Every structure is written in structure tokens, then in C-alpha cells.
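J.: Sequence:
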Amino acid sequence: MKNALVLHGRNCTPEMFWYPYIRNELEKLGYQTSVPLLPEYRSADREIWVPFIKRTFDFQEDSILIGVSSSCAAILEVVESLNHFVDKVILVAGFISPLREENTHPVLKDDYNWDKIRRNIRELYIINSDTDEIGADQNKGREIFQKLGGTQIIMHDQGHFGSIKLDQPYKTFPLLKKLIQY
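Numbering of the sequence shown is given in full-length UniProt numbering, commencing with residue 1 and proceeding in unit increments.
In short, the hints are calculated from the structure, not lab data. In this text the structure is predicted, and so the values were computed from the model without any measurement. All C-beta atoms, glycine included, are put in the ideal place defined by N, C-alpha and C. Errors might be hidden in some of the hints.
[Said to hold, decoys possible] The calculated lysine-lysine pairs, modelled on PhoX-like cross-linking and capped at a C-alpha distance of 20 Å, are: (1) Lys-109 with Lys-171; (2) Lys-28 with Lys-2; (3) Lys-28 with Lys-171; (4) Lys-28 with Lys-54; (5) Lys-88 with Lys-54.
[Claimed, not checked] Computed Cβ-Cβ distance ranges for the label pairs, DEER-style: (6) Asn-11 with Pro-51: 19 to 27 Å; (7) Glu-102 with Met-1: 34 to 42 Å; (8) Pro-106 with Lys-178: 13 to 21 Å; (9) Asp-167 with Asp-58: 34 to 42 Å; (10) Asp-111 with Lys-54: 14 to 22 Å; (11) Pro-174 with Asp-115: 30 to 38 Å; (12) Glu-101 with Asn-24: 29 to 37 Å; (13) Asp-62 with Leu-166: 34 to 42 Å; (14) Asp-157 with Glu-61: 30 to 38 Å.
The task is simple: from the sequences and hints, build the whole structure.
T.: Right under this line is the structure:
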């Protein structure tokens, strides 16, 4: 059975924002969908997240992987470790270098094998907003695009695509629904 993995970002849970919406849409399309609570979710520590993701999800050639914010880097690291491709990776408000208020970020690796990651993704979509208040804006998306190619989508005035701190409920995500249907 085809499957999908949706990962929340730091300080979030699977019940927040558009995650239940996209889970429902994936299940309507016949995907067995996992939206796990990442351990130590307030820390976004790659040494905790990446082994957990690898241990709890069955990566297949028809898998769809969706990450938001800090979980995007974790997805890239997992994809780098695979010996086969996945069908689709969608990175929402992702980044591969520290955000503007940080010198480092616990989910980032020092270096990635960009060629292997590129080979292991059939379709890549990078979605960022031009008004992301935490700094995961279109410039951070461009960094990913420059390393991996794919399709970069810049949305206007969408903030961080969901934030309690910034009062962005973001309960649905029509663009994401379209991308999973292709």
C-alpha cells in the first residue's frame, strides 16, 4: 500500500494547523498516512528525530514525505540515508542553514550528500512564504532549491504556514492538497 509521512516542526504536535487536514486528504487518495508526534518535539534534535523517523516509517518508492520547518532538514537527512528513491518530498517553510535568530540549529547537519538526496527524490516541492516571521522565507527555500533543484513555490503573505505565537491558525492548505494529487 502506498504511504505518506507528515512531520510537524519544533514546538508543534500532529493535531495542530493543517496536519489533520492533509492527513485526511492523503487518506482519501488511498495513502496509509503517518503523522507521528516526534520525540523531544521542543528540541528538534536531529540525533533524536532522524533515528526515530527511520525506525518508525517504511520508506517505499511510492512514499510521499511532507515536512514543515525544522522537520524538513530531518526528512532530507533520512532521504540521504535511503538506498532507493521516494516518490515525492514536499518541504514547507524548510531551511538548511540556521535561521536569522540562531547561529546553529539542532536539526541541521554540517554537510549533506546533495547528489544522493537529489537521486533519491522523484519529485521535490519547496514551499516558502515571503513573510515568514521566523526566517524560513523564500531565501531559505532558494538555498534548498540551489542544492537540489525541484520546484520552488513562493507564497505571498502566508507567514510560517501556521503558528500559535503569531496567531496563524492555518487549518487548511489547498496548494498542498493539489501537490499530493499530481
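J.: Given the range 34 to 42 Å, decide if the beta-carbon distance of Asp-62 to Leu-166 lies inside it.
T.: The hint (34 to 42 Å, Cβ to Cβ) holds, given that Asp-62 and Leu-166 are roughly 35 Å apart.
J.: Taking the beta carbons of Asp-111 and Lys-54, is their distance inside 14 to 22 Å?
T.: holds (19 Å)
J.: Lys-28 and Lys-171: Cα distance at most 20 Å?
T.: holds (17 Å)
J.: Has the given pair, Lys-28 with Lys-54, been kept, meaning a C-alpha gap of at most 20 Å?
T.: Judged against 20 Å, a Cα distance of about 25 Å means the pair is violated.
J.: Mind checking the hinted window 34 to 42 Å against the Cβ distance between Glu-102 and Met-1?
T.: Check passed, 39 Å falls within 34 to 42 Å.
J.: Is it true that the CA of Lys-109 sits at most 20 Å from the CA of Lys-171?
T.: violated (31 Å)
J.: When you take the CB atoms of Pro-174 and Asp-115, is the distance between them in 30 to 38 Å?
T.: Because 33 Å falls inside the window, the suggested range holds.
J.: With 34 to 42 Å as the target window, see if Asp-167 and Asp-58 comply at their CB atoms.
T.: For Asp-58 against Asp-167, whose Cβ atoms are near 37 Å apart, the range 34 to 42 Å holds.
J.: Could one say that the CB atoms of Asp-157 and Glu-61 fall in the range 30 to 38 Å?
T.: holds (37 Å)
J.: I want to verify a distance hint. Is the separation of the beta carbons of Glu-101 and Asn-24 within 29 to 37 Å?
T.: holds (34 Å)
J.: Looking only at beta-carbon atoms, does the pair Pro-106, Lys-178 fall within the given range of 13 to 21 Å?
T.: With Cβ atoms ~32 Å apart, the hint is violated.
J.: At the C-beta level, are Asn-11 and Pro-51 separated by a distance inside 19 to 27 Å?
T.: holds (20 Å)
Of the numbered hints given earlier, the model fails hints 1, 4, 8; all others are met.
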